[in-house]
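*Asks:* Here is how the chains run, residue by residue.
Number of protein chains: 4
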Amino acid sequence: MLRYHTAGESHGKGLLALVDGFPAGVKIRPESIDFELRRRQGGYGRGDRQRIESDRVEILSGLRQGKTIGGPIALMIPNRDRRIDEIEEISSPRPGHGDLNGSIKYLGPIGDVAERASARETAARVAAGALAKQLLVLFDIEVFGYVAEIGSIAVPPPPGNLDVLRSLRDRSELYTLAPDRDAEIKSSIDRAEKDGDTLGGVIEVRVEGLPFGLGSHARWQERLDGRLAQAVISVPAIKGIEFGLGFEAARRPGSQVHDPIRYDPSQADSPSLGFVRPTNNAGGLEAGMSNSRPIVLRAAMKPICTLGNPLDSVDLETLQPAPAARRRSDVCAVPAASCVVENVVAFEIARAMTEKFGGDSLTEMRARWRLFHDLARKRIDPR
Amino acid sequence: MLRYHTAGESHGKGLLALVDGFPAGVKIRPESIDFELRRRQGGYGRGDRQRIESDRVEILSGLRQGKTIGGPIALMIPNRDRRIDEIEEISSPRPGHGDLNGSIKYLGPIGDVAERASARETAARVAAGALAKQLLVLFDIEVFGYVAEIGSIAVPPPPGNLDVLRSLRDRSELYTLAPDRDAEIKSSIDRAEKDGDTLGGVIEVRVEGLPFGLGSHARWQERLDGRLAQAVISVPAIKGIEFGLGFEAARRPGSQVHDPIRYDPSQADSPSLGFVRPTNNAGGLEAGMSNSRPIVLRAAMKPICTLGNPLDSVDLETLQPAPAARRRSDVCAVPAASCVVENVVAFEIARAMTEKFGGDSLTEMRARWRLFHDLARKRIDPR
Amino acid sequence: MLRYHTAGESHGKGLLALVDGFPAGVKIRPESIDFELRRRQGGYGRGDRQRIESDRVEILSGLRQGKTIGGPIALMIPNRDRRIDEIEEISSPRPGHGDLNGSIKYLGPIGDVAERASARETAARVAAGALAKQLLVLFDIEVFGYVAEIGSIAVPPPPGNLDVLRSLRDRSELYTLAPDRDAEIKSSIDRAEKDGDTLGGVIEVRVEGLPFGLGSHARWQERLDGRLAQAVISVPAIKGIEFGLGFEAARRPGSQVHDPIRYDPSQADSPSLGFVRPTNNAGGLEAGMSNSRPIVLRAAMKPICTLGNPLDSVDLETLQPAPAARRRSDVCAVPAASCVVENVVAFEIARAMTEKFGGDSLTEMRARWRLFHDLARKRIDPR
Amino acid sequence: MLRYHTAGESHGKGLLALVDGFPAGVKIRPESIDFELRRRQGGYGRGDRQRIESDRVEILSGLRQGKTIGGPIALMIPNRDRRIDEIEEISSPRPGHGDLNGSIKYLGPIGDVAERASARETAARVAAGALAKQLLVLFDIEVFGYVAEIGSIAVPPPPGNLDVLRSLRDRSELYTLAPDRDAEIKSSIDRAEKDGDTLGGVIEVRVEGLPFGLGSHARWQERLDGRLAQAVISVPAIKGIEFGLGFEAARRPGSQVHDPIRYDPSQADSPSLGFVRPTNNAGGLEAGMSNSRPIVLRAAMKPICTLGNPLDSVDLETLQPAPAARRRSDVCAVPAASCVVENVVAFEIARAMTEKFGGDSLTEMRARWRLFHDLARKRIDPR
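Chains as they are written, first to last, in my numbering: chain A, 10 to 392; chain B, 10 to 392; chain C, 10 to 392; chain D, 10 to 392.
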């Protein structure tokens, strides 16, 4: 089963992801990982650190002649800023960070916690997700994330297929689907910066091309919605997640929530096997399993915790009031977070794919994908 | 480490939870588990099944003379309705259920999926959570859940400590904190029933008495917010979760989100160690760790999927349009779900407690709790 | 992935195994589980407890109309002797048992440890293994265990296929492959009993019908030999395990250890794919993966720790010398242990099968088995 | 909980170990890791590769100012020989290697398997174990491995404490405890080399300074003996393991196996708490838990699979007989393996230590170690 572990600190040698269980025989394009790393560094509203770093992945293991071999794949994103041993200590914990609770839990200096709790860790998660996408694309599964709100400005997605939406997003400095509203948003970010403040936002991710039956209803630990929720909420600064209609579903009657099922034999050859749904309020997930409709989720990101105008805190040396410590930071990192969330979702989808279809080799996985759909079609229509 | 696994079907012999890693030496009160099971069966808007069943736990293992012994604790809630082998097959999958995707995934009959995907499984999760609470209470940790919205009616929590709130909740047939609004909500449920419709809602849970440092920032898989999210989202029908301000945090500037830190030596003996916060917008979690403030979370429950007035579906035998299958069901189960969510949260908190404080025996765990706070106090104020 | 958890005490309500990840659609024969449970209770040299209990499995979940449904399968073996709350306390720890270390670890009474550390827990493990065999048999995989030594008497296996060996074993009261030597062994057991002593022995298990590629070389945690070793060593009283030539391999030069490879096209349709080996010194495992030859392992069982003539110990109340506590026990349980080891091996093989071939449904698993062999044959001989 | 994952190939960029759950605040000496890596490369009988490589660890993450911070620790041992993309393909699978079964399992080239199945992976495991030892030493726990047999020559351990034994071992080119027998063993290795043959052997490891209660009887997956067995058997070429008397225990009556218990108040302050045992036939483990006596285990290593005089195999291109492929290799690697086994044992002991004593910080872990012994002493002797 596909899974990964990360390591690394904000100002250490770099960030690492060790990916286990990736099928053998997949050609890996490191430049696709770099592309995602670059997207993670981008977006209007970023601070100095992004000007120092220029993230590129180094693949330390798991490939031979450019292809996976079935062994663990270690990815490293080296840091340029490696001052971990010299960096000045933090004495006043920053509200919203893990400074206070982490230093108490570990009975150690705040700096030790801050180095690992840093959002730079998400570079490793993006790299793992970007690797996972290279498996998904071979099954025509696409994972697409974008910014739906920044601060008080909402940018609802227009209609259109993923190609259309992608071209919109890639023209927006804020990774929204409305590049024409960039100016408005940028000025709100500029205003926040001038006020010594920060902004959060809302991210949407959709996954298309899914088969039936990723995840499982049989064990709560294997429900795909639960796993996606853990993966997304564990991204720093994410404070909420919803699937499909989400909280809105709680407020509507059932007749306006659940997605009717129809059968259209002309689509029997697609992963939908012919079962079409006029709506997708469930966001592609029923009983913890994919239902062949796009998975759609939204995540809420709180504003960056390090403010230009620092919040009240306490000096841990003196126990007297003191402004929160300052470290260089962003004003708004919602675009970056949209890239992170997109990639952690991609990883969980790929993981569920290897659970359903096995993962020893791409050859076998592909043959099993076809086999499953053949068996399913025969079950549905034995003629 | 504390963990659990469930088994059982809707109309099988019963539901089971196997709980591993519970500390030795804890006196268990089965009646406290039964109390939660009864609450799970209650709430206005329930259907016939709740009149058939009258859930009581049977503890199959793990106790000697009423106390835990360090071995696995198996809990069983026997079913009265055990017709699993006779129950009629479902031919038209019900939108919102796992009928369609589950039967395709497993290449088998819908009934096989429906038996396990049933919300009756949550009885096992409630039992495990209720057991976990008996550990938490020994550390003065309380987990409290209630209904904050049903359909379009919101019932915001009034101020007050947990005792006040609990007495309000326990007087409400809807498990809200405003029993005086029961009539209004009940009539909206009655109306939905008459319309052949169903209602969802929003649940809040708060956890008080927590120490610093449950969860960890160091591995994304161990962040407490991520684990809580998985546990809650994996409850059937839950489509969203948020912590503290949640989605609202995305829309406010940072200065109005993050919780300032102050030091009040008079509270140094409490689990807060003297660090007080005028607000709790973070919902008690920073960098994936508890910060000694109450954990506060909200979960969105979609309406029940089985409607009196069935949705459009397809007969899987004929592949022709057909109304979705009907099975006896509830009109509104938000009160029940509030009990489920409360208990799955309790379990995750207890699990995090055993990770932080170890779990061989209650004697050792308690001594370590004191030890940790002593060490932390010495670190904060070495004088 | 297939896995299981056990619960239960020696004198509690019974023993349980919760089996997760068993494929859907497998017809289960409870009588086959009972057959193994009966074998576990048998063998010459057993004590009183086996006359009290007459183990039969009760399947609490996971079946509908006699077939698995993809959900967890809970197995219970009820105890007749349920005196857990009345049983007298143990004051002098028994050497060889977990009495001393367990009561210190858990800071509690010895009896709490003894109830869970009891070899009766193996009834749950046998039940889980016997369930797993019902999957294996559908792939023509057989797991066969027998006694190779008891005390100082060795009973080497004669040549012959599994049918021949099984009929020998099933005629032996000691589960050896030489029923004609039963009298000799029984008298050595009788002698040990008269001396207030006990006997151990050596068990062999062989697994036939395996495909290539169970386990993996890529992660040490997934090597099949390592997993088998953990499963077998964790059976109470097992103090050693070896695969194939085992310790003997350490003493021979490489030229007399490694198994040459030949190709015989007439066997290309078998799981060996035509690769035949004149020897099987590796015991069917190379680089942590099955190599299509039989897996052969041997396990050493120490003598029963409770002696008729008790060993020296200490009274924990007085800290004065005292004979070890006595509880009814067996003189020799090697035959029973051979059944336990056979079944825990069966479970690990089935687990590895679901890892390689997936486990949602038997239909899919079988089709994948064929698919894998087709792909492998095409790779070997593309013509 | 402490755990680790490895990555890397024989001729890739290097070998990696990602260690999770190491307590914060431990000063790490990289030179101690390098010392073990050098020992792994040594021993008489090694081939060319050891002359090319000169392993040194690079610590990629997890430290700040030389101390652990509670985050994952990534260790890398760079390869000098990095020809993974150019190395010639293997066409005739080598008996004893994973060449045949691995290439079938993954439906790919043998070389892909050979790169990861290589014993060079054990460098990563040694590094992880050497790191773990730096935790153990703070609790006065020592793990000591040596060679007890090579081929047909047995070198039984003399009496003496660990200091004496260590100085003997460190004077032996074969890592035995009898440097005066080196000449005899070296000439047997030379003879094997001249014959185009290879030699295996037997390794012993003992662990001293252990507390009561590492591991657990309550879940078979957590028994310490089972975990040690998995860790050791998963070392390439290890075909057997035994604890204490091991297989010999199977052949003796119980009265000559189990270790009597005595109480000596003068030793109550040691980790034995005063419980002394005249023998240690159990090898320090009863019911899957440490009993404060030294853990003693023996592992059997088969001879190296790559023979100077190659074994019969098959050319996979032609399916015709062909000698097994040759790659540079050792004649005897038992000394190296003794270092590997020592270090994987060290890791499992450290893992069990963090399970029993928690692992957030060294400060807390040490205080808990004292606390546990205080509580245990009070339980034993309440006066």
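FYI, nobody ran anything at the bench for these hints, they're computed from the structure.
None of these values were measured; they are calculated from a predicted model.
Some hints here could point you the wrong way.
One copy or any two copies: either way a pair holds, since identical chains are not told apart in the list.
[As the list claims (entries may be wrong)] Within a straight-line C-alpha distance of at most 30 Å, the following computed DSS-like cross-link-like pairs (lysine-lysine) qualify:
1. K195 with K387
2. K36 with K22
3. K76 with K22
4. K203 with K22
5. K76 with K195
6. K76 with K203
7. K195 with K36
8. K36 with K203
9. K36 with K387
10. K22 with K195
11. K387 with K76
12. K387 with K22
13. K387 with K203
*Asks:* Each of the hints needs a verdict: does it hold here or not?
*Replies:* Against the structure, the hints:
Taking the shortest alpha-carbon separations for K195 and K387, neither the intra-copy value of 54 Å nor the inter-copy value of 47 Å comes in at or below 30 Å. Proximity of K36 and K22 under a CA criterion of 30 Å is satisfied in both settings, with 27 Å inside one chain copy and 18 Å between copies. With identical chains, the CA atoms of K76 and K22 are at most 30 Å apart both within one copy (26 Å) and between copies (15 Å). For the identical chains of this complex, K203 and K22 are neighbours neither inside a copy (33 Å) nor across copies (47 Å), given an alpha-carbon limit of 30 Å.
In this assembly of identical chains, the alpha carbons of K76 and K195 never lie at most 30 Å apart, being 42 Å within a copy and 42 Å across copies at closest. In this assembly of identical chains, K76 and K203 lie within 30 Å of each other by CA distance neither inside one copy nor across copies; the values are 49 Å within and 39 Å between. Taking the shortest Cα distances, K195 and K36 never come within 30 Å of each other, neither inside one copy (39 Å) nor across copies (47 Å). With identical chains, the CA atoms of K36 and K203 are never at most 30 Å apart, being 47 Å at best within one copy and 43 Å at best between copies.
For the homomeric pair K36 and K387, the shortest alpha-carbon distance between copies (22 Å) is at most 30 Å, but the shortest distance inside one copy (33 Å) is not. For the homomeric pair K22 and K195, neither the shortest alpha-carbon distance inside one copy (33 Å) nor that between copies (44 Å) is at most 30 Å. Taking the shortest Cα distances, K387 and K76 sit within 30 Å of each other only across copies (21 Å), while inside one copy they are farther apart (35 Å). Taking the closest pair of Cα atoms, K387 and K22 never come within 30 Å of each other, the shortest separation being 54 Å inside a single copy and 33 Å across copies.
For a Cα distance limit of 30 Å, the shortest separation of K387 from K203 qualifies neither inside one copy, at 64 Å, nor across copies, at 40 Å.
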